[in-house]
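There are 2 protein chains.
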Amino acid sequence: MKKTSTPYHHGNLRKALLEIAVELIREKGADALTIREVARRAGVSHTAPYRHFKDKASLLAAVACEGFEMMVKETKERFSEIAHDTLARLRVCGIAYMEFAIHNPARYRIMFGSGRPHIKNSALRKASEASFGLLLECIKECQKEGTARPGEPMEMALAAWSIVHGFSMLFIDNQIRENSLFAADRKSMMDMVVNNLYTGFRI
Amino acid sequence: MKKTSTPYHHGNLRKALLEIAVELIREKGADALTIREVARRAGVSHTAPYRHFKDKASLLAAVACEGFEMMVKETKERFSEIAHDTLARLRVCGIAYMEFAIHNPARYRIMFGSGRPHIKNSALRKASEASFGLLLECIKECQKEGTARPGEPMEMALAAWSIVHGFSMLFIDNQIRENSLFAADRKSMMDMVVNNLYTGFRI
DNA sequence: ACCTGAACACCGTTCAAGT
DNA sequence: ACCTGAACACCGTTCAAGT
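So the protein sequences, as listed, match chains A and B.
Here the working numbering is used: the first residue of the first sequence is 287, the next is one more, and so on.
Here the working numbering is used: the first residue of the second sequence is 287, the next is one more, and so on.
To be clear, the hints were calculated from the coordinates, so they are not data collected in a lab.
Incorrect hints may have been included.
In silico lysine-lysine, BS3-like type, Cα no more than 25 Å apart, as pairs [what the hints assert, rightly or not]:
#1 A:314 - B:342
#2 A:342 - B:314
#3 B:340 - B:314
#4 B:301 - B:359
#5 A:301 - A:340
#6 A:426 - A:362
#7 A:362 - A:473
#8 A:426 - A:359
#9 A:342 - A:314
#10 A:342 - A:426
#11 B:342 - B:301
#12 A:342 - B:342
#13 B:359 - A:314
#14 A:340 - B:314
#15 B:301 - B:314
Computed from the model, here is a short list of chain B residues facing chain A with C-beta under 7 Å [as the list claims (entries may be wrong)]:
#16 308
#17 365
#18 366
#19 369
#20 439
#21 441
#22 445
#23 448
#24 453
#25 479
#26 489
Just so we're clear, the structure is a prediction, and the values are computed from it rather than from any experiment.
Think of the CB as a built atom: it goes at the ideal place given N, C-alpha and C, for glycine as much as any other residue.
Let's have the full structure, built from the sequences with the hints guiding it.
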């Protein structure tokens, strides 16, 4: 009756822990993410997670890392669905970013979590830079084709990142929705954001 | 030897607790903000704070509230220092916002803290709306004078808020500085942000 | 009114010990 | 290798009791 994986060993505890962590945050908020509760749900002792993650911060870093990878993947999928139009791609870059944040608020908050204790995690850094790189490339392509004004691409990417990140944060923290000052729905608010960045305030 | 305030009663515990809370976050990060540690530093039992704040979230809400009031005050002070130039005021609105965030990162993070548990606090909401109102008025004035393009002011204010909030968050979470992709200093990065919003990406 | 101390039900982390 | 249980030093919150 012995298989390669026994009932005693959990098989893929690491993966299970990550899934449970996200579940937990989604269900009960960031404060409910407790290493002991994750272990409980996994049916494992509260010290078992320490075999897979150095500490709580490392668990959070892993969740964040997955998040950036998901974001990049989703954005690329959208790219392949549209014609090769540089401006459309730039727009998709922003929209996909905000939609990811809004659809995965718990995870997104961890990705940019307070006090960034886990930023020195190198896998996480690499994943986050890949996401930024996508944006940067889009801007450069637009400039090459003449659909965006000339200018330092890095500066423009920073502005673009700021606006989509700012909107996402404000939205998921209910700083916008509950204000009731904004009548518009999600979709049109996201359009507003990218349109305003493209058009600017100048006359 | 009896004065109006005895050594037994603390006098102004509430105020002291708020100050200590900010100190604590600045020194040791958000995780170190513990109601027990605040009480310890105030030289008071760990349950005394509950006389002044319903729970930890209420303490945080009070800290956040003070923050918005400080931000509005600082922005208005800058207004009075410059000529009455609508566009300059709009710019100052953004710069003052980002500078407040960067100079008070701990407090700023609480103001937009994860999971907004205290947003239903009405004093906090009022203070935050006052800050947004300032921005909204600036935009309307610019439109009246023809220094900003026409358009729904609310939408434009949301875009402006998003970009300065996004930049502030990215900066204080070291998502920008440690990237080392950006050679620029604080001051010129903030200029970049407002310039990009004003100019836009269009040709 | 304002403050205290004990108590309760939790945490994260460590470490010797088990299979 | 992987997991457990007890232990340590903490939390937030409640509540009867003191001045």
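Need the list of violated hint numbers for this structure, in ascending order. Violated hints: 10, 13, 16, 17, 18, 19, 20; rest satisfied.
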